[in-house]
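Protein chains: 2
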Amino acid sequence: MEKIEAIKEFGGWLNRYRHRSSACACDMTFSVYLPPAAATEKVPVVYWLSGLTCTDDNFRVKAGAQRYAAELGLALVIPDTSPRGAEAPDVPERYDLGQGAGFYVNATQEPWARHYRMYDYVTRELPALVEANLPVTAARSITGHSMGGHGALICALKEPGRYRSVSAFAPICHPMACGWGQGCFKAYLGNDREAWAAYDAVRLIEAGAEAIPLLIDQGTADEFLAQQLHPESLERVCAARDFPLTLRWQDRYDHSYHFIATFIGEHLAYHAGILRETRTAEAVAKPAAR
Amino acid sequence: MEKIEAIKEFGGWLNRYRHRSSACACDMTFSVYLPPAAATEKVPVVYWLSGLTCTDDNFRVKAGAQRYAAELGLALVIPDTSPRGAEAPDVPERYDLGQGAGFYVNATQEPWARHYRMYDYVTRELPALVEANLPVTAARSITGHSMGGHGALICALKEPGRYRSVSAFAPICHPMACGWGQGCFKAYLGNDREAWAAYDAVRLIEAGAEAIPLLIDQGTADEFLAQQLHPESLERVCAARDFPLTLRWQDRYDHSYHFIATFIGEHLAYHAGILRETRTAEAVAKPAAR
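Going down the list, the protein sequences come from chains R and G.
Start counting the first sequence at 743; every next residue gets the next number (my numbering).
Start counting the second sequence at 743; every next residue gets the next number (my numbering).
Quick caveat, the hints were computed from the structure, so don't treat them as lab data.
All values derive from a computational prediction rather than experimental measurement.
There could be a bad hint or two in this list.
Heads up, incomplete: computed chain G residues facing chain R, CB under 7 angstroms, no partners named [unchecked claim]:
{"hint": "1", "residue": "I749"}
{"hint": "2", "residue": "F752"}
{"hint": "3", "residue": "G806"}
{"hint": "4", "residue": "T1004"}
Ideal placement from N, C-alpha and C gives every residue a C-beta, glycine not left out.
Let the hints inform the model, and build the full structure from the sequences given.
The following block contains the structure:
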């Protein structure tokens, strides 16, 4: 991977990297914020998955997360939302299909199957790359917004043990039941709805996914709430299974990055608490093992 | 003035207004962040002046200032950087002249003189409008970035008593001596360099401007430092007059909003301290006068 940009921020470094992705079969760009602590020790990582139309740029510019990451000693890893470039298929007139709308699945249908493998990219290739090349530990948490909130939920639900904690901002909780999700799942995964269920948080929990606490913030004035997000479906299946869900209704907040900015500090503190706990447990375990 | 947008953020409201400006003879748009405290009391205001190419949007999205303003009980008022729309002249192929590049002066030359009166707009019309219509006091501080840092400095230097405090991020300290300033001053003010001096912080201090402490942050890796910013000229004239200047060189920071985000909290805390002091003095003074 090649470092293509480095900007100092809050005493740490906001870097951008480009690399050839095997999962996506194209060049991919991602950003990493390394907190000041990373100059002297390996730090745990929070992965941020962005929503429709975003690149790695939106979150790093708009969320105000780096301040908290600097204070908490967390690295932030911010991937793009789809394969990019002339190699990857696209539907330029649509914001909700193709480039910018990878939906964090592994596509099986043409013309998408070769490049649109964002699930493998964010859960396997990117962590391996980051952990091999940057001063980070293998302690990972994951969060995201809207389509990226969906991504964070399914990654944590489908990969028990791979993420220490998960949270989401206004996630698409039940993509099979909304227009955004149906449009992408049909294109990328075909007509078999059982294939869709493998990437749907509500269906994964119904199907018995291993429990991991879910922390979700949802604005009551979110303009996409009624049509696209369906947190009530998530509440229903979690209640039925006694699955640990903390769904916080945030009065009069919308779907924008201003909503994310307001609560990202609490999410990062939540992840840091769990990541630190684990780190302490490891640190304690190590001498005992010697 | 008409409220055209309202977004909840950090418990307060990020609003956008449109109004007919008499100073600029066109419709103008500006943003205001009202902290939670403004729901129950009038709060002091920090004015933010943005740099070349910006609208009111850049700062509100990129600087992460609202978090601090919420905590400190400050309103933020964020004007545009020039007149706008079909009525106002422009040079579309240039980012550093015309729309987006008002330079906070009152133009005297054609075709600019009718609309390009940003100095009057930010020092007179906008405060009067804000103070008449929003829950704010007349206690004002001012800050800004690059061209807007220049704007903040000249507003405070030219209007003793009007601003309680001033600070700047990577300001154009001596616009008469740099390409950006010369291009705009020549167009807006003509060839008389004495007219330019009335809008140049270095020349205003040399000419005996009343002392007000200047707090300036400047990144050492700022890509515009050598050609456009000239903080060393400001240091020189301040030293000659014993004018109170705190110029903080910030190691390896650049000219971007990531630099601003890193230090905006300290600037707002500085302004809040002074604005609060004044408010306390007023509160104490009032009962004694009764």
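Checked hints:
1. I749: Hint on G:I749: holds, closest Cβ of chain R at ~5 angstroms, below 7 angstroms.
2. F752: 5 angstroms, holds
3. G806: 4 angstroms, holds
4. T1004: Result: holds, 5 angstroms to nearest chain R Cβ.
Checked against the numbered hints above, the structure violates none of them.
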